[in-house]
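Quick mapping for you: the protein sequence lines, in order, are chains P, Z, E, C, V, F, X and B.
Note that our numbering gives residue 586 to position 207 of the first sequence, counting from 1, and the numbers run on in steps of one.
Note that our numbering gives residue 531 to position 152 of the second sequence, counting from 1, and the numbers run on in steps of one.
Note that our numbering gives residue 427 to position 48 of the third sequence, counting from 1, and the numbers run on in steps of one.
Note that our numbering gives residue 611 to position 232 of the fourth sequence, counting from 1, and the numbers run on in steps of one.
Note that our numbering gives residue 582 to position 203 of the fifth sequence, counting from 1, and the numbers run on in steps of one.
Note that our numbering gives residue 517 to position 138 of the sixth sequence, counting from 1, and the numbers run on in steps of one.
Note that our numbering gives residue 625 to position 246 of the seventh sequence, counting from 1, and the numbers run on in steps of one.
Note that our numbering gives residue 409 to position 30 of the eighth sequence, counting from 1, and the numbers run on in steps of one.
Certain hints may be false.
One-sided and incomplete, this derived list gives chain E residues near chain P with beta-carbon spacing under 10 Å [what the hints assert, rightly or not]: (1) V407; (2) E438; (3) T579; (4) L593; (5) N608.
Capping the alpha-carbon separation at 27 Å, the derived lysine-lysine pairs in DSS-like fashion look like this [to be verified]: (6) K454(E) <-> K495(E); (7) K454(X) <-> K495(P); (8) K440(X) <-> K454(X); (9) K454(V) <-> K495(C); (10) K495(B) <-> K495(F).
Per the computed footprint, the stretches of chain X lying under chain F, defined by three or more beta-carbons under 8 Å from a beta-carbon of chain F, are [stated by the list, open to error]: (11) 392–398; (12) 567–578; (13) 587–596.
FYI, nobody ran anything at the bench for these hints, they're computed from the structure.
Positions of the beta carbon are idealized from the N, C-alpha and C atoms, including for glycine.
Protein chains: 8
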Amino acid sequence: MVMKQSELYRLLQQVAAQQVSVEEAALVLKKAPFEKLDCAQIDTHRRLRQGVPEVIFGEGKTAAQIISITEVLQKDGSVLITRLSEEKAAALQAHFPITYNAEGHIALVGTFPAPKGNIVICTGGTSDIPVAEEAAFTAKALGNRVTTLYDVGVAGLHRLLSHLDEIMSARVIIAIAGMEGALASVVAGLADCPVIAVPTSVGYGASFGGLSALLSMLNSCASGVSVVNIDNGFGAAYQASMINAAFPSSY
Amino acid sequence: MVMKQSELYRLLQQVAAQQVSVEEAALVLKKAPFEKLDCAQIDTHRRLRQGVPEVIFGEGKTAAQIISITEVLQKDGSVLITRLSEEKAAALQAHFPITYNAEGHIALVGTFPAPKGNIVICTGGTSDIPVAEEAAFTAKALGNRVTTLYDVGVAGLHRLLSHLDEIMSARVIIAIAGMEGALASVVAGLADCPVIAVPTSVGYGASFGGLSALLSMLNSCASGVSVVNIDNGFGAAYQASMINAAFPSSY
Amino acid sequence: MVMKQSELYRLLQQVAAQQVSVEEAALVLKKAPFEKLDCAQIDTHRRLRQGVPEVIFGEGKTAAQIISITEVLQKDGSVLITRLSEEKAAALQAHFPITYNAEGHIALVGTFPAPKGNIVICTGGTSDIPVAEEAAFTAKALGNRVTTLYDVGVAGLHRLLSHLDEIMSARVIIAIAGMEGALASVVAGLADCPVIAVPTSVGYGASFGGLSALLSMLNSCASGVSVVNIDNGFGAAYQASMINAAFPSSY
Amino acid sequence: MVMKQSELYRLLQQVAAQQVSVEEAALVLKKAPFEKLDCAQIDTHRRLRQGVPEVIFGEGKTAAQIISITEVLQKDGSVLITRLSEEKAAALQAHFPITYNAEGHIALVGTFPAPKGNIVICTGGTSDIPVAEEAAFTAKALGNRVTTLYDVGVAGLHRLLSHLDEIMSARVIIAIAGMEGALASVVAGLADCPVIAVPTSVGYGASFGGLSALLSMLNSCASGVSVVNIDNGFGAAYQASMINAAFPSSY
Amino acid sequence: MVMKQSELYRLLQQVAAQQVSVEEAALVLKKAPFEKLDCAQIDTHRRLRQGVPEVIFGEGKTAAQIISITEVLQKDGSVLITRLSEEKAAALQAHFPITYNAEGHIALVGTFPAPKGNIVICTGGTSDIPVAEEAAFTAKALGNRVTTLYDVGVAGLHRLLSHLDEIMSARVIIAIAGMEGALASVVAGLADCPVIAVPTSVGYGASFGGLSALLSMLNSCASGVSVVNIDNGFGAAYQASMINAAFPSSY
Amino acid sequence: MVMKQSELYRLLQQVAAQQVSVEEAALVLKKAPFEKLDCAQIDTHRRLRQGVPEVIFGEGKTAAQIISITEVLQKDGSVLITRLSEEKAAALQAHFPITYNAEGHIALVGTFPAPKGNIVICTGGTSDIPVAEEAAFTAKALGNRVTTLYDVGVAGLHRLLSHLDEIMSARVIIAIAGMEGALASVVAGLADCPVIAVPTSVGYGASFGGLSALLSMLNSCASGVSVVNIDNGFGAAYQASMINAAFPSSY
Amino acid sequence: MVMKQSELYRLLQQVAAQQVSVEEAALVLKKAPFEKLDCAQIDTHRRLRQGVPEVIFGEGKTAAQIISITEVLQKDGSVLITRLSEEKAAALQAHFPITYNAEGHIALVGTFPAPKGNIVICTGGTSDIPVAEEAAFTAKALGNRVTTLYDVGVAGLHRLLSHLDEIMSARVIIAIAGMEGALASVVAGLADCPVIAVPTSVGYGASFGGLSALLSMLNSCASGVSVVNIDNGFGAAYQASMINAAFPSSY
Amino acid sequence: MVMKQSELYRLLQQVAAQQVSVEEAALVLKKAPFEKLDCAQIDTHRRLRQGVPEVIFGEGKTAAQIISITEVLQKDGSVLITRLSEEKAAALQAHFPITYNAEGHIALVGTFPAPKGNIVICTGGTSDIPVAEEAAFTAKALGNRVTTLYDVGVAGLHRLLSHLDEIMSARVIIAIAGMEGALASVVAGLADCPVIAVPTSVGYGASFGGLSALLSMLNSCASGVSVVNIDNGFGAAYQASMINAAFPSSY
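Please take these sequences and the hints and turn them into a complete structure.
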């Protein structure tokens with residue numbers, strides 16, 4: 380168990396008061412390696428600095444479980460709930476004022492922070508939009524401004540090229556595509572910023588549930604691309620938010 | 380065993396001469412289903428119509444084996460030898476006047492036919508060129524004019540777009556790429572003709588010997604793309620040649 | 380953003396009227412690389428030349444979404460809708476006069492063009508027919524005459540051989556098979572034209588959802604075979620239509 | 380199209396009657412390679428010799444389709460229908476007198492032939508029994524005597540060893556197992572006859588739908604083992620029946 | 380440790396002589412379950428009945444190791460050594476009179492038995508011949524007559540069909556093919572006997588070291604096909620020999 | 380068939396009584412190799428020594444089947460039933476007094492033995508708990524004391540480190556995790572005892588049903604880790620129980 | 380072909396001089412969609428802004444090829460050459476003053492820019508160091524300060540924890556690991572910045588050339604992780620450099 | 380950086396001497412969470428208790444690197460070096476007195492401890508012996524007595540059954556096998572102790588480098604089996620040693 384701050388104080392006071400010998404105190408501090416970690420400090424520190432909401436992965440949890448976890452967490456700030464079905468969202472709504480995005484299956488308990496900077500989110504097709512909505516909602520909940528460019532896949536290159544301005548001036552781009560996943564390479568070849576690629580499970584046959592797009596994105600011949608798990612819009616937005624936060628406010 | 384033409388003649392003459400009854404002759408002809416196939420006819424027919432050279436797959440054959448097969452085949456026309464190492468090519472050169480392409484590891488014994496039509500062959504990177512050379516050499520040996528656009532991969536889209544003219548006016552395109560294989564989709568999105576995609580084993584790590592490019596091309600979101608085996612430049616050129624041959628000469 | 384045609388005219392008129400200097404105009408035209416693309420032109424051009432209908436991939440879209448997209452697209456011509464369930468087809472029928480193929484799950488809003496040339500579509504078994512129907516319907520919607528040879532798989536070779544005439548005289552063949560996918564090789568060995576192979580997800584156990592047939596077709600030892608995605612009857616027909624269109628009308 | 384027997388007769392009669400010259404007749408017979416196949420002959424021949432019933436793969440066919448196919452086929456003998464659900468079996472029963480095995484999902488329209496020889500069918504566990512029942516029913520429908528040894532997997536070796544007699548004196552053994560598929564190797568190490576191994580999709584996790592058992596069986600370190608597709612009890616029984624038929628009756 | 384025959388005799392003699400009580404003897408026999416197996420008996424029994432040679436898998440063993448094992452085994456009959464490189468074969472030749480097949484990398488120490496029956500071995504291409512030679516040599520060493528049909532792959536169907544006689548009258552066929560592995564299905568569709576399919580590692584790209592042919596053969600739509608490991612010519616011949624042996628001699 | 384104990388006695392008595400000659404008795408004992416195994420002895424022996432309950436794998440068995448098997452087995456002790464749905468558990472409850480764990484889908488008919496020693500079971504996330512409950516229940520049914528540390532995954536390392544005491548003093552640990560499965564390595568790096576890792580199918584996308592965690596655990600860079608099948612909580616507990624039993628009671 | 384700047388000027392001058400009508404000029408500009416892209420501008424623009432060196436992928440290129448490419452590129456700045464063997468590096472050294480890192484197989488022609496910010500690069504084991512050196516060298520060549528923490532894998536957690544300071548205060552971290560790849564999750568759980576994970580091909584058996592680590596990292600349960608291709612130290616450093624560049628200089 | 384023990388003492392002494400206030404000391408101790416871990420203590424503790432030698436993974440390290448690491452480590456006890464080629468072993472021998480096992484590619488610098496308990500190591504074939512030797516050598520270096528049963532694979536079950544005594548009385552068994560890996564299940568079915576299974580990369584074709592054996596072992600239908608990485612003899616022995624150490628000495 381973690382040594383509490385008060386216990387540490389008391390121990391040191393006893394040393395100062397000669398009630399505990401140096402050897403005994405050293406023994407206590409040494410005996411349990413790792414135990415002295417004031418672990419909670421880490422998380423608290425992070426939340427304070429970033430205003431990051433707590434996150435609940437809703438899949439596989441009952442509405443009742445999500446409600447009781449949310450009750451605990453929302454005392455310290457807003458709570459983001461991913462992979463939340465419409466049914467569970469409805470159940471949640473009876474307990475908290477929530478903002479729910481049905482397409483992205485994602486909800487926020489609490490208020491959105493003021494948006495800063497800009498994250499560009501583009502998709503190859505319309506079927507990739509649910510993943511993009513998860514990403515966009517997450518990014519907004521983490522305090523980012525978001526620009527969405529949907530259905531700009533490489534089979535109709537002109538649609539993508541008509542948004543060159545947004546792409547070439549972005550700070551960070553999330554490129555979401557299923558099937559052959561070529562969007563990430565093309566976007567990264569045009570852009571001058573980190574591109575986070577999200578393969579989606581959209582497709583059939585030899586797309587093998589997103590494997591095709593995943594491999595394609597990992598093998599991107601363009602520099603500046605990294606990849607997250609299949610359909611992981613949340614993860615892409617989380618990292619994109621970290622990158623966006625690095626920019627000075629006046630940029 | 381296949382009934383020889385002379386045997387068929389003799390049998391029919393015996394029927395005409397009443398030396399063999401109709402029933403007996405029918406029995407002979409019926410007895411062995413399939414046997415009456417004058418099989419050689421098929422191949423001959425094809426060669427006559429197309430002037431297609433015979434093809435030898437050189438890999439796994441010794442120089443001596445290739446020489447003796449070539450000796451037989453070249454009596455009836457030119458012979459194309461694929462996957463031919465430089466050493467074996469040198470051994471061959473002592474016996475026949477050959478044209479050898481070292482990069483594509485491919486040789487022709489005989490003369491190139493006059494080029495007709497046009498096949499556009501483009502590659503994603505410079506490492507894909509050996510496969511492209513196999514394709515280009517094959518296409519020329521089969522009587523096609525060839526335009527090559529090398530190193531026009533999607534990470535530097537401007538290089539590809541600077542060749543829009545060739546792409547948009549092509550009859551058939553061979554798109555060759557390793558890594559993420561996105562070239563096929565982008566080219567097919569721009570072109571208005573069949574695109575035959577060739578994944579290459581170029582790459583490392585999660586390219587898994589060409590699997591990444593293969594899956595990517597099979598999942599192309601652009602219409603008009605079909606795919607051949609990894610590194611199969613010959614196969615792509617063979618089908619492209621068939622397509623090019625379909626066009627009327629004055630086109 | 381794409382420069383509109385009217386803007387380009389106005390700019391040039393201002394140059395002609397000396398209201399804008401050459402330098403200023405050049406700057407405008409140069410400043411935003413890529414921006415001057417009159418993108419819509421490409422698609423329009425293609426449709427005009429080919430009479431190709433617009434295509435909607437119906438899977439994953441609601442009936443309402445399909446209806447509203449169709450409303451927009453059908454103004455400029457016919458609309459082909461693939462992967463359309465019977466329920467959605469019924470909903471569509473209330474809005475447009477459609478031709479629906481229940482086996483192929485495919486519909487056309489508009490009229491079929493006059494059929495030209497000929498595309499041969501053969502399947503290994505009866506279970507592959509839904510994919511073949513998708514291909515046949517697509518081919519007809521794109522203006523091709525279609526000959527179907529169903530259930531001519533290699534386990535009963537005589538069934539296939541009894542159709543030698545159709546196979547040996549075809550312009551382009553679509554070979555559709557699941558399980559071991561051997562049909563493509565056998566057909567390509569007999570035929571003298573491009574063969575587009577479609578692996579299907581028919582089978583069980585080690586067919587792994589079509590992977591077995593896919594690999595088999597990619598490794599075809601016959602020349603002239605290329606492959607599309609598992610169950611992609613539409614894609615095969617689209618490319619086959621391009622090839623068929625290459626032939627002179629009188630052929 | 381296949382030349383009919385009557386046409387062949389007429390042609391030969393015309394030759395005999397000097398109404399058709401030898402050259403003309405030869406031309407007709409030669410012109411269409413392959414066409415003269417009296418294909419039906421093959422199947423008929425096989426059925427006559429073996430009394431093998433026709434087989435319908437029931438999966439993916441409606442009850443109505445199965446009934447109409449059965450109507451045609453049962454005129455020439457019995458009909459075996461595999462992968463037949465209980466619902467469809469009930470529908471069939473209204474039209475034909477059928478014997479149905481619910482566990483093996485398999486039915487016979489017609490009567491079982493007298494059993495000859497002996498095929499031993501053993502399974503690793505009780506969950507493999509449905510596949511074994513498909514095999515046993517098929518074997519019986521093809522005229523074989525069958526001995527079943529169920530649940531004799533290698534984790535309880537004594538159960539298998541208590542049947543050494545049956546195993547060591549068998550003519551042909553079908554070894555059916557999921558999970559690690561070790562049964563085939565152990566049985567083949569004890570037996571002195573061909574062992575046909577059937578991997579089953581029984582298991583979870585890293586059994587990957589039967590892949591584990593399939594690979595295991597293909598890599599058997601015992602001689603005399605060959606393998607059929609996952610869950611393919613029918614295929615194993617079909618080949619086993621061929622082997623059993625090779626033995627002289629008095630054996 | 381296995382109880383020796385002499386020990387069993389002695390124990391029973393002591394029982395008969397009343398020197399050991401029934402209870403004591405029962406205890407000895409019961410105490411160690413499994414231990415009483417006179418295991419050697421099994422193998423001896425099998426060898427006597429079949430005249431089967433001992434087999435050494437040569438790969439991964441040094442010439443010295445193979446020589447010393449051979450020395451022991453050849454006392455009881457002939458010895459078959461598979462996967463034996465030419466270098467090791469040369470080393471062996473200094474110690475024993477061996478018959479070596481360089482293409483099949485296989486040797487026999489001892490004499491070939493008189494050939495009985497007939498096993499047909501066919502290959503798709505010339506590159507599959509080494510595997511076929513391993514099979515043919517094994518089959519001969521096990522006392523079978525062998526007919527080889529090499530390079531009769533499905534891409535040139537006429538070559539295969541010109542051997543219909545051999546195929547339709549075979550007792551058992553070994554079909555060996557790499558790449559798409561379609562040979563097995565086509566042969567099994569024509570033949571009326573068990574077909575043992577051997578996928579080979581011949582090919583490149585998406586053949587994945589024989590996986591493509593393996594899956595193709597497992598999914599064969601023809602009845603009567605079973606499969607052994609990739610390149611396992613020995614295993615196929617071993618099972619084929621068992622099947623051939625089942626036929627009565629006068630057949 | 381296995382020789383019964385009474386038969387062995389009778390045979391030996393006949394030898395002692397000179398009614399059966401030594402040669403005859405030896406023949407009987409030798410004739411059927413393997414047959415003399417008193418197989419049941421093994422299982423009985425094991426149960427007596429360990430008090431291990433019989434185990435039924437409930438998946439794929441009907442409630443009726445489970446009930447009838449349980450009726451037989453529970454005569455000799457308690458019965459553990461894994462993968463038992465709530466419906467089947469309810470049906471069982473009507474026949475036997477059972478303890479059912481709904482989360483772990485596992486039940487015990489009979490009483491739990493007194494707990495000995497200690498097995499630590501930790502999970503990476505809350506979604507892994509069902510597998511952990513299967514393991515915990517099994518361990519208790521086998522007579523082990525259990526300590527559970529749930530949701531101590533490596534993404535929040537402080538949660539894991541706050542339980543250092545339990546981990547560093549454990550006899551054997553079961554580490555259960557899905558997704559990236561890193562828990563096993565981290566725990567094994569801290570602990571000084573065998574760690575049995577259980578990958579779970581928890582996750583999505585590139586977790587491929589537990590494959591990711593499985594590979595991760597097999598490649599653990601920490602010594603002392605072994606792995607069981609995906610989701611196999613039962614198997615891990617069974618082996619852990621064996622290890623725990625090795626310790627002297629006073630430890 | 381791309382319209383040159385001089386041609387654009389001339390055209391506009393002709394419009395201004397009324398020598399070309401507005402309509403004609405518009406036609407020229409419109410006729411070839413895409414053609415007007417002054418593509419080179421993009422790359423130049425990027426290099427100017429970032430001072431990014433040109434990059435050559437050395438693998439598969441001869442020393443001669445690399446030298447001639449380098450000669451062209453180094454006129455405009457420094458050149459980074461990855462995957463460069465020692466032999467080729469030696470050949471290069473005769474032509475240019477290069478800095479070569481033998482472990483990372485990477486070289487720079489030109490001078491390193493002044494280092495800014497900080498990128499933390501950590502590896503799981505010593506075998507991962509070559510990939511880390513490629514990353515570190517790349518990062519330095521792109522103008523970043525680099526901190527390396529080698530051999531801090533999770534099996535010895537204390538080594539990692541002793542560097543908590545560097546990890547918790549980093550701007551961006553590159554986590555490089557083979558085998559089970561758990562380092563990325565643990566680091567991301569501790570850090571408060573983007574973590575770019577690089578799986579390495581280090582390992583054997585079920586590491587499958589880096590696949591295990593790749594899947595593990597993609598499934599990381601920690602937020603803020605993205606992944607690049609196996610062994611792609613360059614790609615990770617390139618993206619990390621982009622992120623590091625986002626921070627204001629005084630940070 | 381880790382706080383040294385002397386620094387901790389000094390700090391506490393300063394508190395005791397009132398030279399440092401309680402607040403200041405608490406700040407120092409709290410400031411860097413995790414930093415106070417006296418990490419080395421863990422490893423030391425473990426070594427003291429177990430007498431476990433340090434381990435070096437020799438693969439991918441030069442002889443010089445191994446020598447210098449060994450020099451440091453052998454001061455505190457013996458050093459085990461795995462995956463050590465004969466060449467490197469020879470180089471090592473010039474510096475330290477080592478015991479080298481050429482087959483297992485493993486060496487010990489230092490002396491073997493007195494052997495305790497017993498670990499049974501069995502292999503399926505002779506080709507698995509190198510992995511078994513790695514395991515046996517490791518086990519001995521960790522202070523265990525070892526019994527080896529080589530070449531007792533399931534294809535010759537009698538060889539395995541003749542060692543029933545050793546198997547049924549073992550404390551822990553390491554079962555090593557390639558190909559179909561059935562040994563583990565059979566052994567675990569007979570034994571009454573933990574079985575650690577080691578798949579080996581022995582085999583060809585569909586063994587896929589050990590994958591077949593790995594899956595087979597993970598799916599073992601016998602209870603009490605866990606699995607380590609392919610060819611990981613060291614890892615199996617390490618865990619087996621932990622289990623063996625659990626037994627009381629007098630057992």
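Structure-based check of each hint:
With 10 Å as the threshold, the beta carbon of V407(E) stays out of range of chain P, its nearest partner Cβ sitting at about 14 Å, so the hint is violated. Given the 10 Å rule on beta carbons, the hint for E438(E) holds: about 8 Å separates it from the nearest Cβ of chain P. Taking 10 Å as the C-beta contact cut-off toward chain P, the hint placing T579(E) at the interface holds, the least distance being around 9 Å. For L593(E), the interface hint holds, the least distance from its beta-carbon to any beta-carbon of chain P being 6 Å, beneath 10 Å.
At a threshold of 10 Å, the smallest CB-CB gap from N608(E) to chain P is about 4 Å, leaving the interface hint in force. Between K454(E) and K495(E), the direct Cα distance comes to roughly 25 Å. Compliance with the 27 Å bound is thereby established for this hinted pair. With a C-alpha separation of about 40 Å, the suggested pair K454(X) and K495(P) falls outside the 27 Å cut-off, and the hint is violated. With a C-alpha separation of about 20 Å, the suggested pairing of K440(X) with K454(X) holds against the 27 Å cut-off.
Between K454(V) and K495(C) the CA atoms are separated by roughly 40 Å; this puts the pair beyond 27 Å, and the hint is violated. As the CA atoms of K495(B) and K495(F) are separated by approximately 25 Å, the hinted pair is consistent with the 27 Å bound. Residue count for the region 392–398 of chain X with a Cβ under 8 Å from a Cβ of chain F: 0. That is fewer than the three needed, and the coverage hint is violated. Coverage of the region 567–578 of chain X by chain F holds in this model, with 3 residues showing a Cβ closer than 8 Å to a Cβ of that chain against a need of three.
With 7 residues carrying a beta carbon less than 8 Å from a beta carbon of chain F, the region 587–596 of chain X meets the three-residue requirement, and the given coverage holds.
Checked against the numbered hints given earlier, the structure breaks hints 1, 7, 9 and 11 and satisfies all the rest.
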